[in-house]
Structures are given as structure tokens and as C-alpha cells.
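So the protein sequences, as listed, match chains R and A. Here the first sequence stands for residues 1 to 273, where the numbers follow our numbering. Here the second sequence stands for residues 1 to 324, where the numbers follow our numbering.
Simulated from the structure, these hints should not be mistaken for lab results. Note that CB positions come from ideal geometry on N, CA and C, so glycine has one too. Be careful, since some hints might not be right.
Stated by the list, open to error - Some, not all, of what chain R presents toward chain A, calculated at C-beta under 10 Å: (1) 25; (2) 32; (3) 56; (4) 63; (5) 65; (6) 69; (7) 99; (8) 100; (9) 110; (10) 112; (11) 115; (12) 208; (13) 209; (14) 267; (15) 268.
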Amino acid sequence: MTVIDDTRPTLGYHLVWAFKDGWTITTRGLVHWIRNPAVAIGGLLYPIVMVALFGLVLGSAMTVEGGGDYAEFLMPGMFAQAMANGVMGTMAVTSSDASEGVTDRFRTMPMSQAGVVLGRSFSDIINAALELIILLGCGMAIGWSWHNGLDGALAAAGLLLLLRFAMIWVGIYLGLLLKPEAAGAAWMVLFPLTMVANTFVSPAQMPTWLGYVAEWNPLSATVTACRELFGNPGVVDGSWATDNAIVLAIAWPLVAFVVFLPLCMRKYRRLSR
Amino acid sequence: MHALVADGLRKTFGKTEALAGFDLRVKEGTVCGLLGPNGSGKTTAIRIMATLLRADGGSARVAGFDVARRPGEVRRRIGLTGQSTAVDEILTGRENLEMWGLLYHIGKKRARRRAGELLDQFGLTDAADRRAKHYSGGMRRRLDLATSLILAPRVLFLDEPTTGMDPRNRNEVWSAVRSLVDEGTTVLLTTQYLDEADQLADRIAVLAALPGAGGRIVAEDTPDGLKAMIGGDQIDLVVRDAGAIDAAAKTLARVTGSEVDIEPDERRLRAPARDRIGVLTTVLRDLEEQNVEVEDVALRRPTLDEAFLRLTGQHIPDDAKETR
Ligand SMILES: Nc1ncnc2c1ncn2[C@@H]1O[C@H](COP(=O)(O)OP(=O)(O)O)[C@@H](O)[C@H]1O
Ligand SMILES: [Mg+2]
Chain R
1 MTVIDDTRPT
11 LGYHLVWAFK
21 DGWTITTRGL
31 VHWIRNPAVA
41 IGGLLYPIVM
51 VALFGLVLGS
61 AMTVEGGGDY
71 AEFLMPGMFA
81 QAMANGVMGT
91 MAVTSSDASE
101 GVTDRFRTMP
111 MSQAGVVLGR
121 SFSDIINAAL
131 ELIILLGCGM
141 AIGWSWHNGL
151 DGALAAAGLL
161 LLLRFAMIWV
171 GIYLGLLLKP
181 EAAGAAWMVL
191 FPLTMVANTF
201 VSPAQMPTWL
211 GYVAEWNPLS
221 ATVTACRELF
231 GNPGVVDGSW
241 ATDNAIVLAI
251 AWPLVAFVVF
261 LPLCMRKYRR
271 LSR
Chain A
1 MHALVADGLR
11 KTFGKTEALA
21 GFDLRVKEGT
31 VCGLLGPNGS
41 GKTTAIRIMA
51 TLLRADGGSA
61 RVAGFDVARR
71 PGEVRRRIGL
81 TGQSTAVDEI
91 LTGRENLEMW
101 GLLYHIGKKR
111 ARRRAGELLD
121 QFGLTDAADR
131 RAKHYSGGMR
141 RRLDLATSLI
151 LAPRVLFLDE
161 PTTGMDPRNR
171 NEVWSAVRSL
181 VDEGTTVLLT
191 TQYLDEADQL
201 ADRIAVLAAL
211 PGAGGRIVAE
221 DTPDGLKAMI
231 GGDQIDLVVR
241 DAGAIDAAAK
251 TLARVTGSEV
261 DIEPDERRLR
271 APARDRIGVL
281 TTVLRDLEEQ
291 NVEVEDVALR
301 RPTLDEAFLR
311 LTGQHIPDDA
321 KETR
């Protein structure tokens, strides 16, 4: 069915309002973050506990393939894992907005519907940047640092945010698909996916088949690329996936984005089925 | 002039037929109460007319525009307060209204002014700067209602605005709705309670999903007309002694001139009481003369179940009973 509207505003009008409405919704997301730090800190608690546990307690017992300090090895993995876990936040908000009347209200208003998703992604990216800054600080506190200059560090941060950006679209899709209770339980499925990666140990130290999965896990690409760009240990030449980690760390999120953006749009339209 | 016209709306979800030919006309500036038990299709009808859901068949015009072809025009002229509230708990009442105002594209200054006006109108000024998390159910509902009024809509949809509320909160919402109507808004509200429709509506449409068929309007009239159709008020009598049930039933039948409904286990008798007080005093006097002891007596509105029984010849299925 085609929707005919007599006003037929221009593309420019649509774009302007998409960004204006998007910004209004972004401010809402930021106010949530500031007023409800428990949620944001809760999300950060996991990587911080892991850093404490693995970096400080078990650190001396852990060996890094190719040699090097374990905390230095671990931190890029923690950054990437925090970005990947961000999918839970996007999913939770999307799903609760849809089950409360919020999404319905958006849809009965003469506002820009693209602004709704735009706002969601702006605010999630800004939140993710704030979280990343906090985690970088934590890393430095336990002796992690970058060694390839600011350029490399910024490039790594860019890759991490790109991963988070892809997760926004996965999160919106799953949030529209699942009821809030199911969205909460999705953790059980996502957690192992983020664990079977090169975050804590190198795939070479895993059983062969598991190592293979971990090596090709999209998360591992971002982790390896960040280790390389930050100049942290643990990058051992060998497989194609490792040699081309930076390319993969760009390609994987883009693929996810290209797949999930149309899925999200379709799902959003299908709310009226 | 009709603010709202629905013609033969049909909607099926998988195997469930939610609406099977829904017809309704609501005159501008009036309140229509859409009365029906759980699952009769009230929400489905409202969602189609509020552009949230596409009908499988039929058409609807709201404020002069077809909902399927001109959803944008319809959206500029409606407000919806859905069954679940769209209140952001982390924001304050004022911030909620200001945010929605911006999203209605009325600009920062006007959004701020409108928020102030609406908070005032709904008695929320004192709580304006508290987070909505701390609001009572009634306050949340009023805030949600206020949000739907930012643009002063021509047509307002209210989906079960008081379900699950205590009487005080319910009264707050009712008076808010009444003041809107005074300003000329056309309101379509759904409810499971006959007394609510009676209190607020100019006309009541009864929606029923009969077994094997989807929801459709089975009666549409003024509250008085509808009450006349379903027999108006009831006298509800409990006698102390089970042995006196027969005598009491005879008296009740004679005075009311109607059939008496008896529940022997509860020693309860019921009959329509058109002339309310007249029936009550006559029945009590006659029973006293016969030395029948009355344990309890009341005049009350028929329940939705009784109204349904009269209108459709069927009881409301147990799983669709009102939830209050
Ligand atoms: N999204 C949906 N998917 C499947 N069935 C639905 C959906 N929405 C409503 N229904 C079904 O359609 C019927 C009418 O529902 P609804 O309009 O919500 O009734 P009411 O608001 O009067 O309680 C019910 O049998 C309900 O289970
Ligand atoms: Mg409903």
C-alpha cells in the first residue's frame, strides 16, 4: 500500500526534522544516563570486575602468547567487550519503549519517524564514548597504556565505537522483536558469544575448533585491531584473520549495519500489521 | 458533522478475528463510550483509527481524513492515551511535557508555555518538578492525558483510561476528561465499565466478540436508551432465611412486574427496578408485612455481564470478565 500525504514536504524538510527530533530524543537518552548512573555504572561494573579479577588477581598466572604484560593484553579485549555488551542497553530501551506506550506515542505523532532511531543511535554512541573514556581511565590505573601515539589510540577508539554503532542496529532489531523479559534473558545467549573470542586468551591456546570460532568471531577482529593500534602485546602473526584484523574490524560492523538497518526499518513498518 | 466514521473495519491476527465489520459514527464535540469485555476488539479499533494499525478491510475517517491514505493529516489532529502510559519515569512531569512538545514541533518557547498550562489544568503544578517515577497511577494517567493534548487535538482516543485505578484516581481522570469535552474535543473512550460510560459518554456503543465471530457493535444508543434496553437499575435483595425465598420472589415479581433472578445458595434475588425508590419502598414494606427478614438490599446498575446477557443473549466468557 502506498501512503499518500497531501502536504508532500521536501526531502530537506524531512532531513531537518529527522535531525531535530533525533536530537530531542538524544537529550532524553543523555538525561537518563546522567540521572540513572546506576544503569551505566552497572554496565561498566562487569568489565571493571573482570579487569580486577584477570588483570590483578590472575594476571601473574596468565601468559600472553608471544610474551608481554597481561593487563596490557587484556584491556583492548575489555574495551571491545564493553562495546559489544552495549547491545543489551539498546535492546532494553527499545523493547521497554515498545511495550510501554512510548513507541506508540511516537507513531501517532506528526514527528519524524526516522528521528526516533536517529536519536536512539546518537544517544547510544555518546553514552558509549563516555563509557569508553571511563574504561580507558580504569585501564591506565592498572598500568595499561597505548604505545603508538595518539593517532593509533584514536583510530582504535574509532574502531571500538564502530563496533558499538553496529550493535545499536542489532539491539534495535532485537528490541523490537522481543518482549522486555525476553530482552533481559538474551544476555544468556549473547554472553557466550562475546566470551568465545580472543579477549582473555589467544585462540592458539584454546582447543582447535574453539580457537577457530574465536579467531573468526567479529569481536576478535576488533580486539586484535585495537591491540595492534594501541601497541599492546598478543598480536602474533599467522592466520589471515589476524593479519587482516583492521580490515575485518571495519568490515564486520559495516556488514552488520547493512544487514540490520533494513531489518529494523521493516520491523518498524510491520508494527502496523 | 462526524469527527469519526468507521465503515466495516475488519482485522484478523493469525487465526483470531479481532474485528468483523466495525461500524461507528461519532459526532463532533461529543463523547462516545466504546463498551466491551476483554478481547472484544476495543484496542484494535482504536489502534486502527489512531493510524497505529492497518485494517484488513473497511475504512475509517478521522477529523475528515482517511486513516490509511492520509495518516500524516490524521496525526496532526489526534491525541492518543493508550492502555499503557507513555510516561518517561526518569524525567519530571514538566520535562516529559516539554519533550513531547518539541516532538510535536511547536518550538521550545511554546513547548515550555504549553507544559505550564497543561500541568496547571491537570492539577500537577505542585508535582511538576518531581520525577514521574514518584507519581501515583492517577497522576501518571493525567500526565499522559496532558501529553495527548499538547496540540489541542480535534479527536482524542482514550483506551481504558481508568482500568485498575482506585476510585479517587478514577474521579481525577473523569473530571479531566469532562473539562476537555467542555472545550469541544471529540472523545472516543473505551471501557469495561458500564458506569464509566454512563458517567462520561453522550452515546455508548457496545462491542462484543461472540463465539466464533470477531468484534462488532451490538448496540449503540444514549446511556438512558441503553439502560432502558437492558432494563435499567436492579434491585438486589438477600433474605435471612432460605425458607423465605419463595415468598420474597413472589413479592418481587408482583411489584416489579418482571422475572426474578434467584441465587438460592446466597439467598439472593434480583429483578429490574425501573421506578427505583418506588420499587424499593414497596418491596420492603410488603416483605415486612409478611414477616420476611431482609439481610441486605441495594439498588444498583446492571453489570456489564447482565447488560451483555440482555443484548446478546450470552454471558461474558469467564476469561474476559472485567479486571477491576
Ligand atoms: N497483536 C496481536 N496479535 C495477536 N492477537 C491479537 C493482537 N492484538 C489483539 N489480538 C487479539 O484480538 C482480540 C481483540 O483484542 P483487543 O483489541 O486487544 O481487545 P480489547 O482491547 O477489547 O481487550 C483478542 O482476542 C486478542 O487476543
Ligand atoms: Mg484493550
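Please name the hints from earlier in the document that this structure breaks, with their numbers sorted from lowest to highest.
-> Going through the list in order, the structure violates hints 3, 4, 5, 6, 12, 13, 14 and 15 and respects the others.
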